[in-house]
Amino acid sequence: MITRRRLLMLLPAAAFAWEYVLAGTPELAPGYNRNEHWWGMLLDISKCIGCGNCVRACATENNVPEGYFRTWVERYHVADWHQETPEVDSPNGGKNGFPPGTDVGGKNFFVPKMCNHCVDSPCTQVCPVGATLHTPDGVVLVDEKYCLGCRYCIQACPYGCRFLNPTKRTAEKCSLCYHRITKGLTTACCESCPTGARQLADLKNPSDPIHEFLRTHSVQVLKPHLATGAKAFYYDLDGSVR
Amino acid sequence: MNRIKDAEHLFRLAAAFAVGLALFLLLRAYFVPKSFGQYGHYRGDALAELSSKPMSYAGHQSCEDCHSDVLQVKKAGKHAGVNCEACHGALAKHAEDPSSVVPQLPDTAVLCARCHEENIAKPKAFPQVVSAQHSGGAVCKTCHQPHSPLLQPGGKQS
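Protein chains in written order, with my numbering: chain P, 1 to 242; chain V, 243 to 400.
No lab work stands behind these hints: they were computed from the structure. Just so you know, not all the hints are guaranteed correct.
Below, simulated EDC-like cross-link-like pairs (lysine to aspartate or glutamate); rule was C-alpha separation at most 20 Å, straight line [what the hints assert, rightly or not]:
hint: 1; chain 1: V; residue 1: Lys295; chain 2: P; residue 2: Asp238
hint: 2; chain 1: V; residue 1: Lys366; chain 2: P; residue 2: Glu144
hint: 3; chain 1: P; residue 1: Lys183; chain 2: V; residue 2: Glu338
hint: 4; chain 1: P; residue 1: Lys107; chain 2: V; residue 2: Glu338
hint: 5; chain 1: V; residue 1: Lys366; chain 2: P; residue 2: Glu74
hint: 6; chain 1: P; residue 1: Lys107; chain 2: P; residue 2: Glu84
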């Protein structure tokens, strides 16, 4: 029997519980612990054939608007006498591949580019509203609901990896396919890369082949002098790439 | 007594501040989401929202569950490391509902050239052709079986 006194005592507790129901418990992918992963990417220049599969796959998977890129591929031409000033082309981000090109000496190679998911990311530091975030598993993401579209982060990213979505008017970038990697899948670009030039790397997983690779190969990150803590590791990267 | 009377305007000011502060705290509690600050200076619920976005690419494990025959052919050939959706495109919808969403067969004349058309910047060890000179207009699958593309000694594949 519920007396008036007992009801009065129960009501605040019920109100408190209802608050929690309204707030909703965040839905985690089953079996995924954010503290057990630390994501990065390995990009093997010696394997990249500039097919543009990654650019197309990314656009499909993430509804990237035409003319904007979360990942893109650049083609470098470095003449022997101009090591520091390469010629770079990237027609439509490499989405439709590259024209064959003519051999005029020097070296030529492709460089896939994407968000470096920096540990000390400049883009996260400048966001005035906490819309750009650094997840516990090492991924830099944008909270669309919180983003004001002020573009600070777009200017802050030294790698040019961000853009303003022309219809949503919010900042957009590579999410490292967070909706896939939290479900045990690889990213769309890695899934569709035919040569294995891109490989998702979990630096906290001791059985991930990345550890063996990093031990036995010389890798670099882009713009290391900026100390951003970039986690896109490039193998066989030429010094002319900026 | 006189001193307190002189300070009356200060009490009014303090009261105005107190009301302002209370209003600020109330509005803050109302507008700042519960999960803000859960992991850092951002909305914690954003993580769950971002990880629940829909997928277009099913992932090769899903493909291999049903198409193990293709996997066996592919494993033995040069395309062993190429995932299904690299050529066949995003097929999460097909994986979810195989009977009603049937993928189109890719056109090998276009598909193969994406990777194997000669380009100055491709790694030299990667097999490349100038398709205009290579096949005389015949589509690739006339001679090469895409899942295991190496020609058998003596010419055409079975």
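Ascending list of hint numbers which this structure does not respect: 1, 2 and 4
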